[in-house]
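Student: Spelled out from the first residue to the last, the chains are:
Number of protein chains: 2
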Amino acid sequence: MKNRLNELREILRRERMGAFIFPSTDPHNGEYVPAHWQGREWISGFTGSAGTAVVTLHKAALWTDSRYFIQAEEQLRDSEFLLMRMGMDETPSVAQWIAQELDATGMTEVGVDGMVITENTAKELAADLRKAGGYTLRTNLDPLKLIWRDRPQMPMSPVVIHPLKFAGIPAREKLQQVRRALAAQHADGMLLTRLDDIAWLLNIRGKDVPCIPVVLSYLLIASDRATLFVDSRKLSDEVKAYLMSEGVATDEYANVVASLQSYKDYNILMDADEVNHTLYGKVKCQVICGKSPVAAMKAVKNEAEIDGFRRAMLRDGVALMKFTNWLKKGLKEHKDDTKPIMIDGEVVTEMTVCRKLEQFRSEQPLYQGVSFDTIAGYASHGAIVHYEPTEKTDVPLMPKGFLLIDSGAQYLDGTTDVTRTIPLGQLTDEERLVYTLVLKGHIDLQLLKFPDGAAGTQLDVVARRALWEQGYNYLHGTGHGVGAYLSVHEGPHQIRMEYRGAPLHEGMTVTDEPGVYLEGRFGVRIENTLLTRRYITPLEQRGETLSPTKRFLEFETLTLCPIDTEPILWELLTAEERSWLDNYNRHVEETLAPYL
Amino acid sequence: MKNRLNELREILRRERMGAFIFPSTDPHNGEYVPAHWQGREWISGFTGSAGTAVVTLHKAALWTDSRYFIQAEEQLRDSEFLLMRMGMDETPSVAQWIAQELDATGMTEVGVDGMVITENTAKELAADLRKAGGYTLRTNLDPLKLIWRDRPQMPMSPVVIHPLKFAGIPAREKLQQVRRALAAQHADGMLLTRLDDIAWLLNIRGKDVPCIPVVLSYLLIASDRATLFVDSRKLSDEVKAYLMSEGVATDEYANVVASLQSYKDYNILMDADEVNHTLYGKVKCQVICGKSPVAAMKAVKNEAEIDGFRRAMLRDGVALMKFTNWLKKGLKEHKDDTKPIMIDGEVVTEMTVCRKLEQFRSEQPLYQGVSFDTIAGYASHGAIVHYEPTEKTDVPLMPKGFLLIDSGAQYLDGTTDVTRTIPLGQLTDEERLVYTLVLKGHIDLQLLKFPDGAAGTQLDVVARRALWEQGYNYLHGTGHGVGAYLSVHEGPHQIRMEYRGAPLHEGMTVTDEPGVYLEGRFGVRIENTLLTRRYITPLEQRGETLSPTKRFLEFETLTLCPIDTEPILWELLTAEERSWLDNYNRHVEETLAPYL
Numbered sequence: 166m167k168n169r170l171n172e173l174r175e176i177l178r179r180e181r182m183g184a185f186i187f188p189s190t191d192p193h194n195g196e197y198v199p200a201h202w203q204g205r206e207w208i209s210g211f212t213g214s215a216g217t218a219v220v221t222l223h224k225a226a227l228w229t230d231s232r233y234f235i236q237a238e239e240q241l242r243d244s245e246f247l248l249m250r251m252g253m254d255e256t257p258s259v260a261q262w263i264a265q266e267l268d269a270t271g272m273t274e275v276g277v278d279g280m281v282i283t284e285n286t287a288k289e290l291a292a293d294l295r296k297a298g299g300y301t302l303r304t305n306l307d308p309l310k311l312i313w314r315d316r317p318q319m320p321m322s323p324v325v326i327h328p329l330k331f332a333g334i335p336a337r338e339k340l341q342q343v344r345r346a347l348a349a350q351h352a353d354g355m356l357l358t359r360l361d362d363i364a365w366l367l368n369i370r371g372k373d374v375p376c377i378p379v380v381l382s383y384l385l386i387a388s389d390r391a392t393l394f395v396d397s398r399k400l401s402d403e404v405k406a407y408l409m410s411e412g413v414a415t416d417e418y419a420n421v422v423a424s425l426q427s428y429k430d431y432n433i434l435m436d437a438d439e440v441n442h443t444l445y446g447k448v449k450c451q452v453i454c455g456k457s458p459v460a461a462m463k464a465v466k467n468e469a470e471i472d473g474f475r476r477a478m479l480r481d482g483v484a485l486m487k488f489t490n491w492l493k494k495g496l497k498e499h500k501d502d503t504k505p506i507m508i509d510g511e512v513v514t515e516m517t518v519c520r521k522l523e524q525f526r527s528e529q530p531l532y533q534g535v536s537f538d539t540i541a542g543y544a545s546h547g548a549i550v551h552y553e554p555t556e557k558t559d560v561p562l563m564p565k566g567f568l569l570i571d572s573g574a575q576y577l578d579g580t581t582d583v584t585r586t587i588p589l590g591q592l593t594d595e596e597r598l599v600y601t602l603v604l605k606g607h608i609d610l611q612l613l614k615f616p617d618g619a620a621g622t623q624l625d626v627v628a629r630r631a632l633w634e635q636g637y638n639y640l641h642g643t644g645h646g647v648g649a650y651l652s653v654h655e656g657p658h659q660i661r662m663e664y665r666g667a668p669l670h671e672g673m674t675v676t677d678e679p680g681v682y683l684e685g686r687f688g689v690r691i692e693n694t695l696l697t698r699r700y701i702t703p704l705e706q707r708g709e710t711l712s713p714t715k716r717f718l719e720f721e722t723l724t725l726c727p728i729d730t731e732p733i734l735w736e737l738l739t740a741e742e743r744s745w746l747d748n749y750n751r752h753v754e755e756t757l758a759p760y761l
Numbered sequence: 166m167k168n169r170l171n172e173l174r175e176i177l178r179r180e181r182m183g184a185f186i187f188p189s190t191d192p193h194n195g196e197y198v199p200a201h202w203q204g205r206e207w208i209s210g211f212t213g214s215a216g217t218a219v220v221t222l223h224k225a226a227l228w229t230d231s232r233y234f235i236q237a238e239e240q241l242r243d244s245e246f247l248l249m250r251m252g253m254d255e256t257p258s259v260a261q262w263i264a265q266e267l268d269a270t271g272m273t274e275v276g277v278d279g280m281v282i283t284e285n286t287a288k289e290l291a292a293d294l295r296k297a298g299g300y301t302l303r304t305n306l307d308p309l310k311l312i313w314r315d316r317p318q319m320p321m322s323p324v325v326i327h328p329l330k331f332a333g334i335p336a337r338e339k340l341q342q343v344r345r346a347l348a349a350q351h352a353d354g355m356l357l358t359r360l361d362d363i364a365w366l367l368n369i370r371g372k373d374v375p376c377i378p379v380v381l382s383y384l385l386i387a388s389d390r391a392t393l394f395v396d397s398r399k400l401s402d403e404v405k406a407y408l409m410s411e412g413v414a415t416d417e418y419a420n421v422v423a424s425l426q427s428y429k430d431y432n433i434l435m436d437a438d439e440v441n442h443t444l445y446g447k448v449k450c451q452v453i454c455g456k457s458p459v460a461a462m463k464a465v466k467n468e469a470e471i472d473g474f475r476r477a478m479l480r481d482g483v484a485l486m487k488f489t490n491w492l493k494k495g496l497k498e499h500k501d502d503t504k505p506i507m508i509d510g511e512v513v514t515e516m517t518v519c520r521k522l523e524q525f526r527s528e529q530p531l532y533q534g535v536s537f538d539t540i541a542g543y544a545s546h547g548a549i550v551h552y553e554p555t556e557k558t559d560v561p562l563m564p565k566g567f568l569l570i571d572s573g574a575q576y577l578d579g580t581t582d583v584t585r586t587i588p589l590g591q592l593t594d595e596e597r598l599v600y601t602l603v604l605k606g607h608i609d610l611q612l613l614k615f616p617d618g619a620a621g622t623q624l625d626v627v628a629r630r631a632l633w634e635q636g637y638n639y640l641h642g643t644g645h646g647v648g649a650y651l652s653v654h655e656g657p658h659q660i661r662m663e664y665r666g667a668p669l670h671e672g673m674t675v676t677d678e679p680g681v682y683l684e685g686r687f688g689v690r691i692e693n694t695l696l697t698r699r700y701i702t703p704l705e706q707r708g709e710t711l712s713p714t715k716r717f718l719e720f721e722t723l724t725l726c727p728i729d730t731e732p733i734l735w736e737l738l739t740a741e742e743r744s745w746l747d748n749y750n751r752h753v754e755e756t757l758a759p760y761l
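Taken in order, these protein sequences are the chains called A and B. For the first sequence, this note's numbering assigns the number 166 to the initial residue and increments by one for each residue that follows. For the second sequence, this note's numbering assigns the number 166 to the initial residue and increments by one for each residue that follows.
Only chain A is shown next, with the shape it has when bound in the complex (with noise of 0.2 Å):
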C-alpha cells in the first residue's frame, strides 16, 4: 500500500500536481463498479461502496459516509489515509481539506480522471477547488494505468439477446421512441452511457456487473444510425446478426472517443448527470445538455415485462416460503432463548440464513442470481441500514427479537425486492409497537389513490405519518423503481422526503419500504414491490366524469410473501389496514399454495 502511494506521488512531482481524487464511480456512473474500477479501494484499502481518497504529496485523507464510519476506520487502520466523517459538523470538504494542505505548496493543480466523474460532479468539484483557493482540476490524466500494475481486466461476458416474448417491444421500436423524444428537444442525437438503459433499449443482456445483468458499453444513437461500443469479443455472430437487423452496428468499446470525435450531426444531447466528463468533452458539435429521455421509457413497463414480473415473483413467493417453512421448523423446536436455534444440528446464523435463502431461490427456473447481495441482520445488526453478514460479523440467531432479512433475485422475467422482519420469539413491546408502526405506514402507502403525474415527494409522508406521530422517523428513501431483469434499483422516479419531480405513470414499479432503525437494539423494514395501475374512482364508476383531476392510479402488490402478524398491536390498525393485510395475506397463500 505504501509502494502504491509512492508511486502515485512521483507520478504527482512528475506532472506538478498537488493532489489525486479517487471517487468511487466509473465511466458509466453506475451503482455497481466492475473490479477494473475501483481504483480508489486499490489506493486506499477502504472497500465500502461510498468513498472517495485523496492523496496529496504528503497526506492522504477518505471520505466516507455513516454507514460505513466503522468499517472505514479498520480498514484505514494502518495506512496513513485519515478518515474524513461526512455529515459530522468538523469535517472539511474535499476541496477544503486539499486547499488547506496545499497552501503553503504553491502547488495549484488537482487531478482527477475525467473518464470516472460525471460531468457535472466534474463541474462542481471545479468550481469548488476554485473557490476554495483558486485551485484547477486536471482530468486527462489515469495514474492507475501506470501504477496499478495486476489491475484487473475489464470484465468479459457474453452480449446474450434479451427475448421478446419477456422485453415486449422490439429494439428497433424503441430506438424510434428515443429519436421522437430527441427530436422533441431539438436534438439530433445522443450519447447513452447507462448500462442498464443500454440494455433496455436493445433488448441485450450480460453479466459485466455484480448483480445488474448489463452489457460493458456505450450507445450512440444520430439521426440516421446508432452504434453499440462493445468489446467484439462478447458478441456472437447471431448477436451481431440481431443487432444489425435491428439498426444497431456494433465498434469496439475504445472506439467511443473517435466516434464522439467525428460525429458530424449538428447537436447532441448528452445528460451532464450522465455522461463522464472526458466523453461529455469530446464532442466537436452542439452539445445539448438535457436529461436523457430513456430512463422514463424504461421506467413504465409494457405487458409482457408487467407478465414477466407477475410470474418472477410467483417463483420468488414459492422461494421465499420454502425458507421461511425451513426457519420456522427450527423455530419451533427452540424455545430457550439463551440457546441459539439449530436447524438439521446446525446452529443458524445471518449467513446460513444468506445461503438458505440463496438455494431455495436458484431451484426456482429461470434464476439468475441475487439482485442485490442479501440483507440478513439479527437483532442490533438490524438497526444497520445496509448490513451485510461477513465472516466477522456473522452471528448465531437466537430465538427471541427480529430478523430483518432484505433481498431479492434476478430471473429472466423480472427482477424481485422484498423485505419481511421476522419475529424468532419473544418480543419487547417497543418491537411489538415498531413493527405495527412501520406496518401500518406500509399498508397506507398501498391502499393510496393518488392522481397520475404526481411525485413520489407527495406521497411519501402516507408512508411516516404513524412513525411520526410516536417519534420515530427513517432516513432513507419509502421506494425507488425495479427494473425489469435489470438495476433493482431504478429512476427516476423514487418515493422520498428529498424532492424528486419525476412523475408517477401508469406501469411503474415501485417499492413500498418504511423502517425504523434503532442503534444497537433492533430494526424494521417492511418492503414489497408494487405496481401503479388504473384507479377507476366511486366517480368514474357512478358514471360522471372526472375533474379537475382526469386519471388516478392505485398500487398493485407484485409480491408474494406473507406479512407475519404475530408482532402486530391489533388495536392500533385502523379496519381498513387490517383487511388489506387479511386480504394480502390470503392471498398470497391461496396463490401460492399449488406450488408447495
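Take the hints with a grain of salt, since some may be wrong.
Because identical chains cannot be distinguished in the list, a pair is counted as satisfied if it fits within a single copy or across any two copies.
Mimicking DSS-like on lysine-lysine, the simulated pairs with C-alpha atoms at most 27 Å apart in a straight line are [unchecked claim]:
1. 429 / 296
2. 456 / 288
3. 504 / 493
4. 372 / 521
5. 565 / 504
6. 224 / 715
These aren't lab readings, by the way, just hints derived from the structure by calculation. Fair warning: this is a prediction, and the values are worked out from it, not measured in the lab.
Assemble the complex: chain A is given as a structure, and chain B must be docked to it using the hints.
Tutor: Chain B only, in chain A's frame:
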C-alpha cells in the same frame, strides 16, 4: 379606449417599437397593485387581478387565466383586444404571438416598463422573445407617463409606527439579524422592495395598498446604514425621529435610483424574483443574486405576534359567531326552498352577507379593514374559487344548498383568514359526501405531526387523501402563511402539490384549506389558520432521546369559528377525526361564550 391605443401607437411608431407589453405588476411585485400602476387595466379595460396586455401597431391582445375567462370576454367584447386563454393548447405565448405579428413588419424591438416586472421575469421574457425570432426587449420607456393624463396619484397615506407590544422585536434588532444573514451570504447590503417585508422589518404600517397595511417604499440596507425611500409628506416628525432612532435614514421615494447608482459597498444582494428589472440594473458594484433572507425571518412569529394572533382570532371569532347567529335566525324562519331567505324584512343576498360580516367585524376593537375581498358564493357561485359578488352577479340566498364564505380581517394585532361552508337547508347526497371528505382532509392535516424542517409539499397529500380516494381534487394550494397585521398571503412556506422547498419551523402561521369545486353546481372549502408549535412525542414523554429526527412539530388551531356538523356523513369520519371535531367545536364555544 380607442384613443388610448392610437396615442400609444404613435409613440411606438416614433420609438420604432413593434409592440408594447403591459403586465399586471408594480415596482414592488406585490399582490395588490395601487391604482397608479394599473396600466394594464387602463389600456385594455380588463379589471381582473391577473393578465398581460400586448399592443402592436395593428392589433391588441390580452392574456389571462381560466379564473377570468368569462369576465375578460365581457370586458373586452367591444374593444379590439383579442382574448388569449392561458392554459389552452391553442393559445400562443406572449412571445410567440408577438413574433407572429411582427414577422412581416421588419420591427425587432418590443417594449415593457422595466419598473413593473421583476428581474427574473424580464430575463425570461427577453429569452423567449430572442428564441421566438430574435426580438429584443427594451425596458427604459413608460409610455403611460405621456398618454395616461388622468393617471391616479401614487397612494399617500401617513406612515404609522407599529407598536412594539404588537411587533415584539425592535426594528434595529431585526436589522441586525438581516445584516447577520447577509454576512452569511457574503453580502454587504441589500435592496428590499417587497412592501410587507419593509413594513415588518421597520415596524411601520400604512394604508397605501388595499387590504395590506403597508407603505409604498424601498429600503436600501448597507453595512453601516439603512435608508427608507418614501414620500416625505407621509412622515410625521415622530415617525422620522422613530426611524432615526432605529438607525434608518429617509429619502424621497424616487431617489432610490440615484442612491443605487452611487451605492459604494463592495457588493449588494438583490433577489431577482422580487427586485424590478430597472432597479436591478442600476448598481455599479457586484450584484449577489440570492434569496432575500427577510421573508423567512418574517415567517417565524415571535411571542408578541403569536399573542396578537390569539387575541385577534378571539375578536374575529366573536364577529363570526354574531354573523352566524344572525344568518341562522333567518334560516330558522324560512323553510320553503322556492323563496329567498329574508331577515328583518329584507332579502338576503351574497352582497348582504359580505356587508353584514364586515359590519360585525368592524364593531370589534383594533379592526382595520378586510384582509382580502370577501368571497361569499351561494350554490354554483361557490364553485368559482375566487368569486366576489358584484351588483351584476349577486343572487339571493335560498334555504337549500351551500353558502361558501372565505373572509378575513386586519386587526392591529393580527390578520385573520377563515372559510366556512354553511348549509342553508336541504342538501343533496353529493353535497354531504363532498363536505365530509373536505372536512376529513382539513382535520387530517391539523392532526399531522411532522419533523421540524419538513416542506409543505411533503405534507399536502394528507389534506387530499380522502378526496382522491373518491375521485375529487382541487388545483389550488392547501395552505399559505398569514402575516401579523400584514399580507394575508405570506411565504416563503406553503402547503401545496407543486414543489416549494421552504421548510416549516416552530412559530409559523399557515392555513389549512382543502376544497372541492363542481362547476355549475356547488363548492365546498373549509379553512382554519394554524400555528406550528413544538410537538412532544410519546418517545420524549417516556424520557427517551429522539433519533434520527431531533424535533417534531404539530399544529395549534388559531381560528375560532365552529365547523357546521349538520352536513356530515358521520360514518366516513374516523374516531380520531370525530374526536378532534367535537373538541374543536366545544373549545370554540367555551372560548367565545363569555363575549357573546
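Student: Work down the list of hints and note, for each, if the structure agrees.
Tutor: Going through the hints against the structure:
no.	hint	verdict
1	429 / 296	between (37 Å within a copy, 24 Å between copies)
2	456 / 288	both (17 Å within a copy, 23 Å between copies)
3	504 / 493	within (16 Å within a copy, 73 Å between copies)
4	372 / 521	within (23 Å within a copy, 77 Å between copies)
5	565 / 504	within (10 Å within a copy, 73 Å between copies)
6	224 / 715	neither (60 Å within a copy, 36 Å between copies)
Taken one by one, the earlier hints fail for this structure only at number 6.
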